[in-house]
Amino acid sequence: MIVIGLIASAIGIAVALSIDWFPIAGSTQAKKVDTLFDVLLIASVPIFVFVEVVVLFSVWKFRMRPGDELKDGPPIHGNTLLEVVWTAIPAMLLVGLCSYAYVTLRNIEHKPKHEMVVNVTGQQFAWSFTYPAANAGAKPITSTQLYLPKGKSVKFNVRSKDVIHDFWVPEFRIKIDAVPGITTHYRITPSRFGSYPVVCAELCGLGHSTMRQTAHVMAPADFQAWMQRKQAQASKAT
Amino acid sequence: MTARLRAPGLHRGLIGAALGFALAYAIVLPVRAAQGLHPVLDGDAVTIVGLLSAPLGFLFGLGAFDYWFYYLTGRPTRPEDHSGHGARSWKDYFRVNTDHKVIGIQYTVTSFFFLLVGGSLAMLMRAELAQPGMQFVSTDGFNGLFSVHASILIFLFVIPVFAGLANFVLPLMIGAPDMAFPRLNAVSYWMLPIAGLMMMASFLVPGGSFSTGWTAYAPLSTDQPIGQLFFTVGVQFAGASSVATALNFLVTIITMRAPGMSFWRMPLLVWANFSTSLLVVIATPFIAASQFLVLLDRALHFHFFDAAQGGDVLSYQHIFWFYSHPAVYIMMLPGFGIISEIISVKSRKPIFGYRMMAFSLLAIVVLGFTVWAHHMFVSGMQSWIRIPMMITTAIIAVPTGIKVFSWLATLWRGVLHLDTPMLFALGFLTMFVIGGISGVMLAMIPVDIHVSDTYFIVAHIHYVLFGGSLFTIFAGVYYWFPKMTGRMFDERLGKLHFWLTFIFFNLTFGPMHYIGLRGMPRRVADYSQQYAGWNLFISLSAFVVGASTLVFLYNMVSSWRGGPRAEANPWRALTLEWQVSSPPPIFNFDTVPTVVGGPYEYGVPGAVHGVFRKPGEVRPPTPAGGGATQVARE
Chain E
1 MIVIGLIASA
11 IGIAVALSID
21 WFPIAGSTQA
31 KKVDTLFDVL
41 LIASVPIFVF
51 VEVVVLFSVW
61 KFRMRPGDEL
71 KDGPPIHGNT
81 LLEVVWTAIP
91 AMLLVGLCSY
101 AYVTLRNIEH
111 KPKHEMVVNV
121 TGQQFAWSFT
131 YPAANAGAKP
141 ITSTQLYLPK
151 GKSVKFNVRS
161 KDVIHDFWVP
171 EFRIKIDAVP
181 GITTHYRITP
191 SRFGSYPVVC
201 AELCGLGHST
211 MRQTAHVMAP
221 ADFQAWMQRK
231 QAQASKAT
Chain H
1001 MTARLRAPGL
1011 HRGLIGAALG
1021 FALAYAIVLP
1031 VRAAQGLHPV
1041 LDGDAVTIVG
1051 LLSAPLGFLF
1061 GLGAFDYWFY
1071 YLTGRPTRPE
1081 DHSGHGARSW
1091 KDYFRVNTDH
1101 KVIGIQYTVT
1111 SFFFLLVGGS
1121 LAMLMRAELA
1131 QPGMQFVSTD
1141 GFNGLFSVHA
1151 SILIFLFVIP
1161 VFAGLANFVL
1171 PLMIGAPDMA
1181 FPRLNAVSYW
1191 MLPIAGLMMM
1201 ASFLVPGGSF
1211 STGWTAYAPL
1221 STDQPIGQLF
1231 FTVGVQFAGA
1241 SSVATALNFL
1251 VTIITMRAPG
1261 MSFWRMPLLV
1271 WANFSTSLLV
1281 VIATPFIAAS
1291 QFLVLLDRAL
1301 HFHFFDAAQG
1311 GDVLSYQHIF
1321 WFYSHPAVYI
1331 MMLPGFGIIS
1341 EIISVKSRKP
1351 IFGYRMMAFS
1361 LLAIVVLGFT
1371 VWAHHMFVSG
1381 MQSWIRIPMM
1391 ITTAIIAVPT
1401 GIKVFSWLAT
1411 LWRGVLHLDT
1421 PMLFALGFLT
1431 MFVIGGISGV
1441 MLAMIPVDIH
1451 VSDTYFIVAH
1461 IHYVLFGGSL
1471 FTIFAGVYYW
1481 FPKMTGRMFD
1491 ERLGKLHFWL
1501 TFIFFNLTFG
1511 PMHYIGLRGM
1521 PRRVADYSQQ
1531 YAGWNLFISL
1541 SAFVVGASTL
1551 VFLYNMVSSW
1561 RGGPRAEANP
1571 WRALTLEWQV
1581 SSPPPIFNFD
1591 TVPTVVGGPY
1601 EYGVPGAVHG
1611 VFRKPGEVRP
1621 PTPAGGGATQ
1631 VARE
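Chains E and H, in that order, are what the protein sequence lines are. So in the numbering used here, the last spot in the first sequence is 238, and the numbers never skip. So in the numbering used here, the last spot in the second sequence is 1634, and the numbers never skip.
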């Protein structure tokens, strides 16, 4: 049974790791989250397989045969050693996983020396993105689509005008609620060119499922050009 | 005619409800006129007061308070003739009845009615979600569907059905003639249909049903059409019912155990309900508070959650989850009790590690109060709180693991009777592990940040509440069906029900893990094209799960009407409820049982749990789970 269990665990882990669970990794943070999830899978599959193997083996081996209708099993009431083992091993495993998760959390929330800031504002049922003015005297730029340069750490300051929303780009792996009255924030570093959905993940009313926009990750030079174009538009408007 | 109208019953209840609603007008109109508010007749204000006064009028009319009313006014109370005990015809189930067995059946049947309601709402949701784009309902209608679905199944099914099963079984198990407070027990039950009908009625009011999810996060919930009130107030009645029953269980368990039934000889179902009742009594007032705050914000503009007026939005979530996380254990621990009974009896072995099983329940009770903010990792609360909450959440997997491993060890070398209750118990064991594992993944903050508010969460809670709680409920209903009705169910239909539910449950909720990780948010009426294939697959599987419930219903109804008569103890169980006839006599025990040993001494030659003879003749006590293999001197 142990051999079957080991083989089944190995197959289970191989299958679990071969599935492409996540969307494209669009930020440097995403890869760390994905690795943590893979480690969790490797730790979980043997536990699941162990329970299933014991249940199936018991059903096959110990099920009542004809003639056993009035038979009882042996009166085993417990086994202290076994109970200590199955308390201690999961506890140690969980301490390990928590520590690793903590390290990952520190890594993905690490504050870099240089970062750009984007102010994100949620309202029913749209996001708006404001880029603070690059130099004194210039006006901040507001956009309905999110534009980000690749490879540069960005800090989002997230606010809400009405109810709670949640600012999420699945490809970046990080989300945070937009809460009326306070400013929440997170950081990511886009690592891949492309356009990704911006999703509201917190139920915010009847238009919740339509609160979708797009994040564009572009080359730093293209981003600068976009900024200057927007800047020119903003100063022309006034 | 007037005598008939004055007698307690449903018709007097309806009159009471009407009078209660009239009272709402009588209160609101003068108050608004005196305050100079315009318009004087305000539908919103009347509804709020009416939602509280009409149900109370109904309960008065029904006769739920008659005894206390007579007592308070100094009139002669009805003598204790126990005329309220027992049910002679089906009509007795529609009256205030103080018999715990009648109340247990009232509870269970009412809850299953709401299971059908909540399940039907899920079918409508899956029909809408079968394809991207909007087909059958509006986006707001869809928000209403999942909100009422969750609220009804949590507050009107899972929580009360466990209270119902325990109401029937628990006094019998501990050798008591009834619950400690039979009249309170009746009031607890009758608040349930009120709460349920209120939530269902919200579909009929202008603006549609409440649509802010069962979590009703402020400030969204403080600024909604009138349907929201039906949740805010409905939860109060469900919660009050829950607290009253929990108090009743606690007092019953502490004071009414049969002679010889020490705490360490109680069946684990009794331990489980003891733990659950502690959780309910401590935690439920918090959700009552959270909804009262919403009510005050909405009706009287208290601005608790209005940031523009200095309100604190996040405090709602802290108060709400301080109840609603323990609530998931309220919805799980009684199921653990049921599984312990069934696995021990059907494996013909003592439960493995009885004391650790009881201690792990208590550990879950204590730890259950320390993890609430793991629902708020992305809420914007102070970031340091996340770390201790991650650790406590992970630790809670240890006592839960002890229970799972002990059940596995109970199976080992047993003589497994693989009938319907046992299949559901084993189905629970295999599915609950998945829910537990995804729970540990969710405790890990970086993973949780990505999958919060996605279908991964939907998958997790359905593996815990459907694969977990509902499987234990089915197991328990099949297991005690002979005792409750005096009839046997159809074993072949029971197995068919199990396999249909087990297979299609997994096909429905398994893929949700995947689409959640891929980025599909929950609580959305529409989704992007890339999830279309899986959603169609999930919807089709969900329809089969829905259909499998019809097999269960047919089995229950037809077996109750015409199934073969059940013997007193068809499972050869040792616990006390099986030592009396099926269904039990009107006062449970003709002679008070004396408990002389543990509840699970299967395989110990000649062991008994309780004996029916006068005290003084009993042999020396043997502790449960103490490794006792001593032969009873019968």
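Bear in mind the hints are in silico, worked out from the structure with no lab data behind them. Just so it is clear, the structure is predicted and the values come from calculations on it, not from any experiment. Check before you lean on any hint, since a few could be wrong.
[Stated by the list, open to error] Residues from chain H that keep clear of chain E, each with C-beta distances beyond 12 Å, as calculated:
id: 1; residue: P1030
id: 2; residue: A1033
id: 3; residue: F1142
id: 4; residue: P1177
id: 5; residue: I1402
id: 6; residue: H1450
id: 7; residue: D1490
id: 8; residue: L1553
id: 9; residue: G1563
id: 10; residue: G1603
id: 11; residue: A1607
[Said to hold, decoys possible] Simulated restraints on C-beta separations:
id: 12; chain 1: H; residue 1: I1254; chain 2: E; residue 2: R106; range: 20 to 28 Å
id: 13; chain 1: H; residue 1: S1138; chain 2: E; residue 2: R192; range: 45 to 53 Å
id: 14; chain 1: E; residue 1: N135; chain 2: H; residue 2: I1385; range: 56 to 64 Å
id: 15; chain 1: H; residue 1: L1496; chain 2: E; residue 2: A126; range: 46 to 54 Å
[As the list claims (entries may be wrong)] In silico DSS-like cross-links for lysine-lysine, where the CA-CA straight-line distance does not exceed 27 Å:
id: 16; chain 1: E; residue 1: K152; chain 2: E; residue 2: K139
id: 17; chain 1: H; residue 1: K1495; chain 2: E; residue 2: K61
id: 18; chain 1: E; residue 1: K111; chain 2: E; residue 2: K32
id: 19; chain 1: E; residue 1: K152; chain 2: E; residue 2: K32
id: 20; chain 1: E; residue 1: K71; chain 2: H; residue 2: K1091
id: 21; chain 1: E; residue 1: K139; chain 2: E; residue 2: K155
C-beta: ideal position from N, C-alpha, C; glycine also.
Tested hints:
1. Look at H/P1030: its CB is around 35 Å from the nearest CB on chain E, clear of 12 Å, so calling it non-interface holds up.
2. Under the 12 Å C-beta cut-off, the non-interface status given to H/A1033 relative to chain E holds; the minimum distance is some 34 Å.
3. The Cβ of H/F1142 sits about 8 Å from the closest Cβ of chain E, inside the 12 Å cut-off, so the non-interface label is violated.
4. Once the 12 Å rule is applied to beta carbons, H/P1177 is consistent with being away from chain E; the minimum gap is 31 Å.
5. With a closest Cβ-Cβ approach of about 6 Å to chain E, H/I1402 is found to fall inside the 12 Å limit, against its non-interface label.
6. The beta carbon of H/H1450 sits about 5 Å from the closest Cβ of chain E, which is not more than 12 Å, so the claim that it is off the interface is violated.
7. Non-interface call for H/D1490 relative to chain E: holds, since the shortest CB-CB distance, roughly 20 Å, exceeds 12 Å.
8. Listed as outside the interface, H/L1553 is consistent with that label: its C-beta sits roughly 28 Å from the nearest C-beta of chain E, beyond the 12 Å cut-off.
9. For H/G1563, the shortest C-beta to C-beta distance to chain E comes to about 21 Å, beyond the 12 Å cut-off, and the non-interface label holds.
10. Distance to chain E contradicts H/G1603 as a non-interface residue, since its nearest Cβ pair spans about 4 Å, not more than 12 Å.
11. Its beta-carbon lying about 8 Å from the closest one in chain E, H/A1607 breaks the requirement of being farther than 12 Å from that chain.
12. Between H/I1254 and E/R106 the CB atoms are about 48 Å apart, so this pair departs from the stated range of 20 to 28 Å.
13. Range check, H/S1138 to E/R192: about 37 Å between beta-carbon atoms, so the 45 to 53 Å window is missed.
14. Roughly 38 Å separates the CB atoms of E/N135 and H/I1385, a value that falls outside the hinted 56 to 64 Å.
15. Checked against the hint of 46 to 54 Å, the pair H/L1496 and E/A126 passes, with Cβ atoms roughly 50 Å apart.
16. About 22 Å separates the Cα atoms of E/K152 and E/K139, which keeps this hinted pair within 27 Å; it holds.
17. Restraint check: the Cα-Cα separation between H/K1495 and E/K61 comes to about 20 Å, which is no more than 27 Å; the hinted pair holds.
18. For the suggested pair E/K111 and E/K32, the alpha carbons sit about 16 Å apart, so the restraint of at most 27 Å is met.
19. In summary, the hint linking E/K152 to E/K32 is supported, as the alpha carbons are separated by about 17 Å, within the 27 Å threshold.
20. Restraint check for E/K71 and H/K1091: the C-alpha separation of about 43 Å exceeds 27 Å, so the hint is violated.
21. Proposed proximity of E/K139 and E/K155 is supported: the alpha carbons are some 19 Å apart, at most 27 Å.
The earlier numbered hints that this structure contradicts are 3, 5, 6, 10, 11, 12, 13, 14 and 20.
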